[in-house]
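Asker: In case you want the letters, here they are:
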Amino acid sequence: MKDFSREEIDYILDTAERLEPVARGEERSRLLDGKIIALLFFEPSTRTRLSFEAAAQRLGGEVLNLGSIEASSVMKGENLADTIRVISNYADLIVLRHPLDGSARMAAEFATVPIINGGDGSLHHPSQTFLDLYTIRRESHLEGLKIAMAGDLKYGRTVHSLCYALSLYGAEMTFVSPPELRMPQEIVRDLQKNGIHIRETDSLEEIIGDVEVLYMTRVQRERFPDPEEYEKVKNRLKVTGDLLKNADPKLKILHPLPRVNEISPEVDATPYACYFEQAFYGVPTRMALLALATGVIE
Amino acid sequence: MKEKRDLKIQAIEKGTVIDHIKAGQALNVLRILGISSAFRATISFVMNALGARGKKDVVKIEGKELSVEELNRIALISPKATINIIRDFEVVQKNNVVLPSYVEGVVRCINSNCISNSSEPIKSKFFVLQSEEEGVTLRCLYCEHVISENIAENLL
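These protein sequence lines are chains A and B, in that order. The first sequence begins at 1 in the numbering used here and counts up by one. The second sequence begins at 299 in the numbering used here and counts up by one.
Source of the hints: derived by calculation from the structure; they are not laboratory data. Misleading hints may appear alongside valid ones.
When the alpha-carbon atoms are kept at most 30 Å apart in a straight line, the in silico BS3-like pairs for lysine-lysine are as follows [said to hold, decoys possible]:
(1) B:LYS320 - B:LYS392
(2) A:LYS2 - B:LYS421
(3) A:LYS76 - A:LYS146
(4) B:LYS421 - B:LYS362
(5) B:LYS362 - B:LYS312
(6) B:LYS421 - A:LYS76
Which residues of chain A face chain B? A few of them, derived with a C-beta cut under 8 Å, are [unchecked claim]:
(7) ALA81
(8) LEU100
(9) SER103
(10) MET106
(11) ALA108
(12) GLY121
(13) SER122
(14) LEU123
(15) LEU292
Where a beta carbon is used, it is the ideal one built from N, C-alpha and C, also for glycine.
Chain A on its own, in the form it takes in the complex (with noise of 0.2 Å):
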């Protein structure tokens, strides 16, 4: 995500706005008529893999699924590199998800279509980041959000691109984590290089009154050793109506989705409930991405 400027993901998610009416399915395309984009997933990930299926589809494209693991040429002992070369020969693009950090990169390399990076190893899932800032942008501001960040941010990708995206529009950054789960202190450094207002803490209700959006994350059992400490913490960084009777009206609530029991069901019905729209706001973006990278919309 750093590789991009304001400009480029603003145009971007100028692009992502137009398209809304066609993953609403309330307007029809043709812009990826002809095109074929393979879809290489080297670990599990549903929901990325059918919102890009689904972008795809929306505009009138052919998608090609790697299919399982088991049954491909990687159990073969194929390396990724080969596979990226013979799927160029297949698709238009490809849209890679792999578990090891920065196979996006070297299949860029060895690719001659665009590769999307649709989630490499533990660093970089931009897509993801791309529908974050939609989301943000739809439904609050980018432009000098006060936002707070909860849960698991030591490992967090998505917050981790997140913040360094925000930081373009200025921001006013929470952090709320257990001890053991807090920001990396080198994001944190970077961050305040880049102007940005940062303030930590380990409680929803302290900050819940004094900001506009809320990103929850999934705090994950295995981070922690003694499973006393994963309950308490667990319960400590919950949203729960009763939370929500000091926030402010105008509250987003955001979380990349699968949660756990991080936000109560009561609070779906709620109109801070913002997660089910930004899995929707997923296929548009995605849709910007693939005409992009396609080169149907320039």
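Guided by the hints, dock chain B onto chain A, whose structure is given.
Answerer: Positioned in the frame of chain A, the structure of chain B alone reads:
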């Protein structure tokens, strides 16, 4: 005293002398230049020699002039090293090493999950950065991990 020192490092007729290497880094200099047991030219080196500016290492490669690009990699582990090109026992060219902005196939990425540490047919690739606070740092082109210390320990 001078005589004794001359015995340690004999003059060479033709080749490359790398001087003012950070003390203790001579073996890493050979590694960074890709010099292994298969290398045919005569190599001699001295470690922890006492020079005018304290201890240093010196490496001499006889009969071979290495390229500037190869030699500049030395700046990653010893930024003050100097390169002397020798012909007919004379120094015909003397340069300081210059930190390259990019290196390929020289250092291993410290991120074990990086694609460059897998069996893919690629070399490691790093952007080289230098700052007052952090000195020389390397940023992996693939995974963006930063190596800010112990670069010598991660040489390939």
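Asker: Each hint should be assessed against the structure and marked as holding or not.
Answerer: Hint check results:
1. B:LYS320 - B:LYS392: Within the cut-off at roughly 18 Å; holds.
2. A:LYS2 - B:LYS421: Judged against 30 Å, a Cα distance of about 23 Å means the pair holds.
3. A:LYS76 - A:LYS146: Measuring from Cα to Cα gives roughly 50 Å; hence the hint is violated.
4. B:LYS421 - B:LYS362: 25 Å, holds
5. B:LYS362 - B:LYS312: Roughly 7 Å separates the two Cα atoms, so the pair holds.
6. B:LYS421 - A:LYS76: 23 Å, holds
7. ALA81: This interface hint holds because 5 Å falls under the 8 Å limit.
8. LEU100: 4 Å, holds
9. SER103: This interface hint holds because 5 Å falls under the 8 Å limit.
10. MET106: Result: holds, 5 Å to nearest chain B Cβ.
11. ALA108: 10 Å, violated
12. GLY121: Given a least distance of 5 Å, the restraint on GLY121 (chain A) holds.
13. SER122: Holds: closest Cβ of chain B sits about 7 Å from SER122 (chain A), inside 8 Å.
14. LEU123: 6 Å, holds
15. LEU292: At about 23 Å, which exceeds the 8 Å cut-off, the nearest Cβ of chain B leaves the hint on LEU292 (chain A) violated.
Violated hints for the displayed structure, listed by number in ascending order: 3, 11 and 15.
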